[in-house]
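Just so you know, the sequences run in chain order X and V.
For the first sequence, the numbering used here assigns the number 1923 to the last residue and increments by one with no breaks.
For the second sequence, the numbering used here assigns the number 430 to the last residue and increments by one with no breaks.
Just so you know, these hints were derived from the structure itself, not from any lab.
One thing to keep in mind: the hints can contain errors.
Reference excerpt, derived from the structure (chain X facing chain V, CB under 7 Å, subset only) [as the list claims (entries may be wrong)]:
1. V1150
2. L1179
3. Y1196
4. E1732
5. Q1739
6. A1748
7. T1749
8. R1750
9. L1751
10. A1755
11. T1759
12. V1760
13. R1774
14. S1849
Label-pair distances were calculated between CB atoms; the ranges are [to be verified]:
15. G96(V) - Q1729(X): 27 to 33 Å
16. A1725(X) - G96(V): 27 to 33 Å
17. G1903(X) - Q374(V): 48 to 54 Å
18. Q374(V) - E1753(X): 27 to 33 Å
19. Q1197(X) - E387(V): 45 to 51 Å
20. G1850(X) - K317(V): 33 to 39 Å
21. G1903(X) - K317(V): 55 to 61 Å
Taking lysine-lysine pairs in the DSBU-like style, the calculated list, with each CA pair at most 30 Å apart, reads [stated by the list, open to error]:
22. K1899(X) - K1796(X)
23. K1159(X) - K1181(X)
24. K1079(X) - K317(V)
25. K235(V) - K1181(X)
26. K1537(X) - K1515(X)
27. K1079(X) - K307(V)
28. K307(V) - K317(V)
29. K235(V) - K307(V)
30. K317(V) - K1169(X)
31. K1615(X) - K1268(X)
32. K307(V) - K1160(X)
33. K1610(X) - K1620(X)
34. K317(V) - K1155(X)
35. K235(V) - K317(V)
36. K1160(X) - K1181(X)
37. K317(V) - K1152(X)
38. K1159(X) - K317(V)
39. K1591(X) - K1604(X)
40. K1155(X) - K307(V)
A quick note: this is a predicted structure, and the numbers were derived from the prediction, not measured.
Backbone N, C-alpha and C define an ideal beta-carbon position, used for all residues, glycine too.
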Amino acid sequence: MSLWISRVKVLRFGAFQDRSLPDFQPGLNLLYGPNESGKTTLMMFLRGMFFGFEGRGRASAFIPLDGAEAGGSLALRDGQGQEWLLERWGRGRKARITVSGPAGVMSGEGACQNLIQQVNRSVYENVFAFGLDELASLESLNQQGVKELLYSASLGLGQVSLAAVEKELKEESKKLFHPDRRAKSEIRLILAELDKVRQELHRLEQQPQEYQELRQELDRVLQDIADLEGQSRQIEGELLWLKKLSQAWPVWESWHLTRAELDALPPVEGFPEDGLGRWENLKSQSDRVEEQLGELRAELAQAEAGAGAQTPDQGLLEVGSALMSLWEERVLWEERRSQQERLEKEVAARQARLTEALAQLGLGWGEDRLADFHLSLSRRYEVQNWRQRGEEARQRCRQGEEAREDCRRTLEEKEGACERARISGSASEGGWAFRWGFWILGALLALAGLGGYLGGYKQLAGILGMGGGMALLAALAILLYLSTVRRQRQQDLEEERQRAVTALDQAQAALEVSRARLAQLQEEWGAWLKEAGLPPELPPEAVLDLFSGVEKAQELLQQYREGQRVCQDLEEELADFGRRLGEILRRLARPPASREEVNATLIRLKQELGEARQAQEEKQRWLEKAASLKNDLAKWQGVGDRLREERQNLLAAAGVEGEEAFRQRAELYQRRQELGQRGRELTVQLGLVAGGEGELTRLKEDLAQTTRGDLQTQLGQAQASLGELAGQLARLREEKGKLADRRQKLERAEELSQALLREQTLATRLREAARRWTVGTLAGYFLEQGRRRFEAEYQPQVFQQAGHYFALLTKGAYLKVMTHLEGEKFFVVNRQGQHTPVERLSRGTVEQLYLALRFALIQAYSQSGRNLPLILDDILVNFDPQRARQAVRLFQEMSRSHQVLLFTCHPHLVNLVKDVLGPEAPDPIDLEAGEDQGAPLT
Amino acid sequence: MTRWRFVHAADLHLDSPFVGLADYHPELAQELVEATFASFRGLIDLCLQSEAAFLLLAGDLFDGPQRSLKAQLRLREQLARLADAGIETFIVHGNHDYLGSTGINLEWPNGVTVFPASGVEMAEVRRGGETLARIYGLSHAGPSETANLTERFPVAEHGPFSLGLLHANLDRNPEHENYAPCSLADLARVSYDYWALGHIHRPSVRRPSQPAVVYAGNPQGRHLKESGLRGCYVVEVDGHAVSPQFHPLGVIRWEGMAVDISGREGMDQLLGQLANLLEEQRPAPPAHGVILRLSLKGRGPVHRELKLPGTLEEVLEVLREQGRGQSPWVWPEGLEAATGLDWDLPALRQGSDLVATLLEQLHQARQAQEMPREMQELLAPLYQHPSGRRYLTPLLDLPWQDLLDRVTEELLGRLRGGPE
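With the hints as extra help, turn the sequences into a complete structure.
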């Protein structure tokens, strides 16, 4: 069904606004316009009406700049004469499309697509509507690009390159996976990783088995260790026993020797305990006793001789104590003698001083009166009292006299004053001066005033005169006042004189009383003196002095009498001493001694007594010693007897007679004892080594059955075994440690979990990559298959037709256009049958070839029912005139089946069309002619 | 008799790895491999805290016949905790850890009863001189038990609370290997009070009573298909009445989220939306984290930007940084732009160009039920690679239609630069 555009109205597109074009014809239409007449705009508008006003690329230049929507309408018709109106406003999704046709009004891109027979934009723009750019751009591309575009053009893929898509798919698939083992790919990497994980998993899956075996192995090792430890303990026990045996061996040997020696000695039935020692002890004791006895006897003889040599004076010894008593008092006696002499002189001196004192007291005074005179403190106080009272009485008399004298003098003064007052008034010297002062001042001033007046100083004279008057007046006033005062004073003086007379009388009376009292006192004192036996004239002061003298004399008297008494006592004592000495001398039948010989006698007696006493003591000492020695002698003889008896006993106990035999028996016994002791000690040592009673028996048995050499050999063997066992144990323990360590590691192992997760992760990646690879591979497959089918179904026809058109255009210079079915290369065949690749053709020829190919494709589309208007925009520029003419003919041929809109800006092309087509040439539509030519669209 | 409770868990799959993670942060590795253990420890803690009378483990304690040493040791260690508290454990083995599979000579702690595979045995739980419950159990003898094992269970005696412990596929669930298949009628036949089942990993109460039939599910999800909360049931018993209460245990949760990008003005807005979504998914302690797969659907202005090479990776990196920034963490495991087939394929197929030819070819290929031999040969080097074969779906098992969709998308994307 051929579709053709009958009317075009551009409402808004590019520079066009509300522009209607002249009606188009179904066949060839020639649209002429110089540059900038809107040719290209119109072509873009027509494309846009079918496929939308694009906002991209070259087409965007035609979108109104003021933001207004592009829009317009096309009237279209088909071969059956049916008419459609296509209207479009706006672009993109917001585009508003309406298609009004015989079946009604439809809207949307779908309606438009139906109208243009499902031909897509890229096919239309590449095949149906193209300009020199599309044609010429082919030439600037390389061979591959040209082919791709041609394919795309024919395949309907627009700008998408089929080869590029195929290549991409192949490369992407190859990156993911390639059957070639050597090729690296994502999937192969994952698979390699998975293999590794699988291997690890395989290893890890053995873990439970390994764990199980490990546990069994560990149990076995533990059992082995326990066994070996048991063995080890046993051998250690044996070794210990052997060491004991070895240790006990020297002891055992000694014990054996001891036993042999003991058995060889003759038996001893009995022997006193420590017999030999006791024997020796007794023997040495006996020797010592004999020696002692000898010494004692010698001493006794000496003591008895000593006692006989001493003969003391017995008489002297008898009075010895009395004599010694006197001797002891001898010093005292000497002292008393000298004291007596001294005191006798003192008493004589005291007597002289007493006699003198008595003489001082007066004639009446002797020793007896003196001793009897009462001299007490109260009596002294009494005298002092007397003296004080007398003094006071005399004092009062003197005071009375003085008072009376004062009163008399006062009276005399008063009487004198009265007399003076009466005679000359009572003015004083001061009163006079005052009084007479005023008088003199008044007179002087008066005289001065007069003098001034006379001298011509009248004013001064006036003042002075007035002052003198005033002074005279004051003197007169004072005179009157003083006369009154004088009378008053005379009266007062008289009163005072009367009072003085009275006072004098009173003083006289008081004096009389005092004198009477004194006289009485003196009388009483005289009485007191008489009573005291003292002379009556003595004043109290003298009495007091007498008292002092008496007191002193009394003291001397006392001293004198005391001296006398002491002398008497001394004399008595000295006499007694002499009597006692005399008695001693008498008893000794010696002549008495005088007082002067006492001392010498005593000294001599004392010396003799000492000698006698010493002899007596010496004798006594010898006697005592002799007694003691006798005593000792008896004792020691007893001891000697006892020792002898004991020795006899010992001999009897040992069953021998005589010391020599006893000694031999003792030696034998001693040796037997020593061997027995040694044997016991060795047995104890063996017991200690064995470590117990039961062990000891076993020890002895074992020792009895072995030799030293055997023991050493056994010891060596046991130690070697033990060493070997220790080595085995160490190995086993190490093994146990390793096994336990491994078991623990297995118990804690996270490897399996991690490996399983890693496996799953890799598997997921693998599946994902495999999915992409599968889709990509299948897509490549389908694409290849599709391309082949497309080529098989479409291309031969297209190329055949293209060859026809190309031959027409080149006027038979080239006859065919060919392509290999599998390949992408195509070529042309010239009149001579030569194959020429496209790249060797000239630009014009290539453009003619592509024009031929496009027309061939257009015919192919037409055969499949797609017939749309062709828009050719000045495509003949590079054609030579002859081939341009051929092209015009070809356009005419195409216009029989399709509407052809031929745009040009070249007048010669218009002429060429006219020239070639003659009357069949269409009237050119002048695009510059404006809207006038165009009828309005409805 | 007073109320009492027991705990029903299954499918521990101890030490089994997380599947489907193409990438994870090294810091998370330890938590990922420890997750099944951590959840199991949580189960034991729960038993102790809830003072359960006993714990039932309904098979697949281990992930494979080659039992991990660590799994075995940890299992024993944790069960010993229960034993110390006087809580008994009853175990049957399933198809993954069938009896006779390789393992160390595990010395079970006291109070652990493992039911044999040779025949159903009964164990009594006694308390205070009275029988609290009778437990009938049977283990799998091999990795693919096809017999209906329930037939071997005896009818319960009247009296004490009775329950069956079995690893079985109820109603031949096609999503799981059909081992030990059985029906609800089979289970009802023996008049037990409770059937503690294992094998199906999604927790569910299949029948509430007479008998109660419960799948405990697995305590820890290990891949995206095991998304959502995973745990066990704490079952309260009052006489013969039961009330099973689900209790989540999984420390790491899997979630898949689709995000509609329609209407998102720009990448910033989309990123904000994704960041919010991520925070919504962030779990609360004691959970450790969430593994999140995100897919973007719908079309919008950001679509073209997302299609630029490296963009999705960058977005994913930003989200991962955010997700890991706090604890518990969120790990966006993948981010894909699932644009789907937004093309008007029939219209394109009507065209006269190469694309039309291609679409026609693909259309014809769709008519085939399986992949044509020619293409199989093309893909064989990878799919029959000795290592690749182990991890990849066999060629003929690949979803052919889905694959063609992807190929179509791929081709159109490349030839047309994506739908306009």
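Right, here's what the structure says about each hint:
At its closest, the beta carbon of V1150(X) sits 5 Å from a beta carbon of chain V; the interface hint therefore holds under the 7 Å criterion. Given the 7 Å rule on beta carbons, the hint for L1179(X) holds: about 6 Å separates it from the nearest Cβ of chain V. Because the smallest distance between the Cβ of Y1196(X) and any Cβ of chain V comes to about 5 Å, under 7 Å, the interface hint for this residue holds. For E1732(X), the interface hint holds, since its Cβ comes within 7 Å of a Cβ in chain V; the closest pair sits about 6 Å apart.
Here the hint on Q1739(X) is kept, as its CB sits about 6 Å from the closest CB of chain V, short of 7 Å. Interface hint status for A1748(X): upheld, as the beta-carbon distance to the closest one in chain V is roughly 4 Å, under 7 Å. Interface restraint check for T1749(X): the shortest CB-CB distance to chain V comes to about 5 Å, inside 7 Å, so the restraint holds. The beta carbon of R1750(X) is positioned within 7 Å of a beta carbon in chain V (closest approach about 5 Å), and the interface hint is therefore held.
Taking 7 Å as the C-beta cut-off, the interface hint given for L1751(X) holds, the closest approach to chain V being about 5 Å. A cut of 7 Å between beta carbons decides the hint on A1755(X): the least distance to chain V is about 5 Å, and the hint holds. Interface restraint check for T1759(X): the shortest CB-CB distance to chain V comes to about 6 Å, inside 7 Å, so the restraint holds. A distance limit of 7 Å between C-beta atoms decides the matter here; for V1760(X) the minimum to chain V is near 5 Å, and the interface restraint holds.
Hint on R1774(X) holds. Least Cβ distance to chain V is approximately 5 Å, under the 7 Å limit. Restraint check, S1849(X) versus chain V: the minimum CB separation of about 5 Å is within 7 Å; hint holds. Checking the proposed 27 to 33 Å range against G96(V) and Q1729(X) shows it holds: the Cβ atoms sit about 30 Å from each other. In this structure the supplied range 27 to 33 Å holds for A1725(X) paired with G96(V), their Cβ-Cβ distance being about 32 Å.
Distance hint check: the CB atoms of G1903(X) and Q374(V) are about 53 Å apart, consistent with the given range 48 to 54 Å. With their beta carbons about 29 Å apart, Q374(V) and E1753(X) fall inside the hinted range of 27 to 33 Å. Evaluation of the 45 to 51 Å hint for Q1197(X) and E387(V) yields a pass: the beta carbon distance comes to about 47 Å. G1850(X) and K317(V) have their C-beta atoms about 34 Å apart, which keeps the hinted 33 to 39 Å range intact.
As the Cβ distance of G1903(X) to K317(V) is approximately 57 Å, the hint placing it in 55 to 61 Å holds. For the proposed pair K1899(X) and K1796(X), the alpha carbon gap of about 20 Å is at most 30 Å, so the pair holds. Of the pairs offered as hints, the one joining K1159(X) and K1181(X) holds, with about 23 Å between alpha carbons and a cut-off of 30 Å not exceeded. Between K1079(X) and K317(V) the CA atoms are separated by roughly 23 Å; this keeps the pair inside 30 Å, and the hint holds.
The straight-line distance between the Cα atoms of K235(V) and K1181(X) is roughly 28 Å, inside the 30 Å bound, and the hint therefore holds. With a C-alpha separation of about 23 Å, the suggested pairing of K1537(X) with K1515(X) holds against the 30 Å cut-off. With a C-alpha separation of about 23 Å, the suggested pair K1079(X) and K307(V) falls inside the 30 Å cut-off, and the hint holds. For a cut-off of 30 Å, the pair hint linking K307(V) to K317(V) stands: about 13 Å separates their Cα positions.
Using a Cα cut-off of 30 Å, the hinted pair K235(V) and K307(V) holds, with the two alpha carbons roughly 20 Å apart. Proximity of K317(V) to K1169(X) is assessed by CA-CA distance (about 27 Å); at most 30 Å being required, the pair is judged to hold. Between K1615(X) and K1268(X), the direct Cα distance comes to roughly 25 Å. Compliance with the 30 Å bound is thereby established for this hinted pair. With a C-alpha separation of about 28 Å, the suggested pair K307(V) and K1160(X) falls inside the 30 Å cut-off, and the hint holds.
The straight-line distance between the Cα atoms of K1610(X) and K1620(X) is roughly 15 Å, inside the 30 Å bound, and the hint therefore holds. Using a Cα cut-off of 30 Å, the hinted pair K317(V) and K1155(X) holds, with the two alpha carbons roughly 20 Å apart. Proximity of K235(V) to K317(V) is assessed by CA-CA distance (about 27 Å); at most 30 Å being required, the pair is judged to hold. Distance restraint check for K1160(X) and K1181(X): the Cα-Cα separation of roughly 21 Å lies within the 30 Å cut-off, and the hinted pair is therefore satisfied.
Of the supplied pair hints, the one linking K317(V) and K1152(X) holds, its CA atoms being roughly 20 Å apart against a limit of 30 Å. The suggested pairing of K1159(X) with K317(V) holds, with an alpha-carbon distance near 22 Å, which does not exceed 30 Å. Pair hint K1591(X) plus K1604(X) holds up; C-alpha atoms about 21 Å apart against a cutoff of 30 Å. Using a Cα cut-off of 30 Å, the hinted pair K1155(X) and K307(V) holds, with the two alpha carbons roughly 29 Å apart.
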